[in-house]
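Undergrad: So the chains spell out like this:
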Amino acid sequence: MRKKALTLFSDGYLFRKENTLYFENVNGKKPLAIEGIYDIYIYGKVSISSQALHFLAQKGIALHFFNHYGYYDGSFYPRESLHSGDLVVKQAEHYLNPEKRLNLAKLFVIGGAKNIEKNLSKFGVKVKFDDFLEELNDAEKITEVMNIEGRMREEYYKFWDETLPDEFKIIKRTRRPPQNEMNALISFLNSRLYPTIISELYNTQLTPTISYLHEPSERRFSLALDLSEIFKPIIADRIANRLVKQRIIKKEHFRDDLNGVLLNDDGKKIVLRAFNEEMEKSVKHPTLKKNVTKKRLIRLEAYKLIKHLTGQKEYEPLIAWF
Amino acid sequence: MEPEYLEKELLIRGTEINYLFICKTKLWYFAKGITMEQESDFVDLGKFLHEKSYFGEEKEVQIGTINIDFIKRKNIIEIHEVKKGKSMEKAHEIQALYYLYYLKRYGIEAKAILNYPKLREIKEIILDGREGEVEGAIKEVEKIKSMPNPPKPKKSKICKKCSYYELCWI
Ligand code: SF4
Numbered sequence: 001m002r003k004k005a006l007t008l009f010s011d012g013y014l015f016r017k018e019n020t021l022y023f024e025n026v027n028g029k030k031p032l033a034i035e036g037i038y039d040i041y042i043y044g045k046v047s048i049s050s051q052a053l054h055f056l057a058q059k060g061i062a063l064h065f066f067n068h069y070g071y072y073d074g075s076f077y078p079r080e081s082l083h084s085g086d087l088v089v090k091q092a093e094h095y096l097n098p099e100k101r102l103n104l105a106k107l108f109v110i111g112g113a114k115n116i117e118k119n120l121s122k123f124g125v126k127v128k129f130d131d132f133l134e135e136l137n138d139a140e141k142i143t144e145v146m147n148i149e150g151r152m153r154e155e156y157y158k159f160w161d162e163t164l165p166d167e168f169k170i171i172k173r174t175r176r177p178p179q180n181e182m183n184a185l186i187s188f189l190n191s192r193l194y195p196t197i198i199s200e201l202y203n204t205q206l207t208p209t210i211s212y213l214h215e216p217s218e219r220r221f222s223l224a225l226d227l228s229e230i231f232k233p234i235i236a237d238r239i240a241n242r243l244v245k246q247r248i249i250k251k252e253h254f255r256d257d258l259n260g261v262l263l264n265d266d267g268k269k270i271v272l273r274a275f276n277e278e279m280e281k282s283v284k285h286p287t288l289k290k291n292v293t294k295k296r297l298i299r300l301e302a303y304k305l306i307k308h309l310t311g312q313k314e315y316e317p318l319i320a321w322f
Numbered sequence: 001m002e003p004e005y006l007e008k009e010l011l012i013r014g015t016e017i018n019y020l021f022i023c024k025t026k027l028w029y030f031a032k033g034i035t036m037e038q039e040s041d042f043v044d045l046g047k048f049l050h051e052k053s054y055f056g057e058e059k060e061v062q063i064g065t066i067n068i069d070f071i072k073r074k075n076i077i078e079i080h081e082v083k084k085g086k087s088m089e090k091a092h093e094i095q096a097l098y099y100l101y102y103l104k105r106y107g108i109e110a111k112a113i114l115n116y117p118k119l120r121e122i123k124e125i126i127l128d129g130r131e132g133e134v135e136g137a138i139k140e141v142e143k144i145k146s147m148p149n150p151p152k153p154k155k156s157k158i159c160k161k162c163s164y165y166e167l168c169w170i
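As you go down the protein sequences, you meet chains E and H in turn.
21 is the number that my numbering gives to position 21 of the first sequence; each next residue is one higher, with no gaps.
154 is the number that my numbering gives to position 154 of the second sequence; each next residue is one higher, with no gaps.
Hints may be right or wrong, so weigh each one.
Unchecked claim - Chain E regions said to be covered by chain H (calculated; three or more residues, Cβ under 8 Å):
no., stretch
1, 82-92
2, 118-131
3, 287-300
The hints are simulated quantities; they were obtained by calculation from the structure and are not laboratory data.
For clarity, every value in this text was computed on a predicted model and none was experimentally measured.
All residues carry an ideal CB built from backbone N, CA and C; glycine is no exception.
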């Protein structure tokens, strides 16, 4: 059985009794098959017994918490079990060496750019980002790379908008708080993707705090931010696009709040279901010659990074072939 | 008894010696602490030696990556391993030699017996005169571990079942 992400959406109590983990809410008490859990995503108001936490730590299961608005708050991370001093040193070396760092930072943005192009062609817009890619090639500082990435993203939203229904235009991408529906939807999805990447990194020897495009000081798991450049377009954006164009998500799934526009509970549930399904979908991997889930692609990306850092093979970011 | 650190060393080295004859890429990654999920739990050999080695027969004993199917105590200790086939024969043999080598350091005389029931064969392995082979293998392991980059993977039959498959071939 493949282990899966468990989402706890309702309010309740997570506890352990003997060797079983239970979740209790207004509908009653439900045992959870711990061997089938990969990690846990908590959206509801959930109390957790320390025994349950011990149990999860022992099984290497991470818990990711989201706030009232559905945004990522933080994680309970079992004590790290996979260590490789050598790899930490190599990761740091690639950060400290400006050339090596710049190279990796560019590769993340190039991957993101190509995936954005791919998205647009799927959405029916033919556009190439060659100018941006050229500019990127000449960039000499991380800040320049960041700047190019930002401008490219703006272009992307403009083109994507041409294909979106009127009530779901991005218009101007805003983050916290999102000012309209599409922004709220994209933010919610990105917020779900980020801890998924953290979970994958946790299962490798990579240190999630040493990153290249983003500053390690930016956020605790900044390497997950680097990788999200690649995965945001092909996971989060594609789900958002599908949900609004197929009218699965509608205006009524949002509500206004002092904090801007937000998904309501029904909306969140729909999006989370779509997200979980998407991550379990398989695609045939061209070089491994086998089916891998979308989630596994994140792990594979981490492996490619390990190979780059250990001098085995230059990192080539994932460009969606699907 | 020997100090604790030796036992720890010995545990890792056993696996490494084995990997030397299976795949050098795997050996390098493993030695650098880049392990894959399945590889994480092995039994502490030192503990095993203290607790188990002086009794009659002991079944299904796991030491490192060797599954010792049973141990017999005759005039000297016999380490028995049941193997399916001979595709990894060299690895089995050298690891057995390696354990004999270290048992001897603990002052324990032993011999190893590789059983191939499917082939109706057994192979007896004794250390005497083969210490050099073990030492050579240890040196070779050290050499690979000191390489800055992993040896290039070579595709073989065993890759498909290897836990490093994705890492090697992505
Ligand atoms: S996949 Fe093949 S090359 Fe890679 S470590 Fe395993 S056996 Fe060696």
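Undergrad: Are there three or more residues in the stretch 82-92 of chain E whose C-beta lies closer than 8 Å to some C-beta of chain H?
TA: It holds, with 6 qualifying residues against the three required.
Undergrad: Do three or more residues from the stretch 118-131 of chain E put their C-beta atoms closer than 8 Å to C-beta atoms of chain H?
TA: It is violated: at least three residues are needed, and the stretch 118-131 of chain E offers just 0 whose Cβ sits closer than 8 Å to chain H.
Undergrad: Per the coverage rule (Cβ-Cβ under 8 Å, at least three residues), is the stretch 287-300 of chain E covered by chain H?
TA: holds (count 4)
Of the hints listed earlier, the one the structure fails to meet is number 2.
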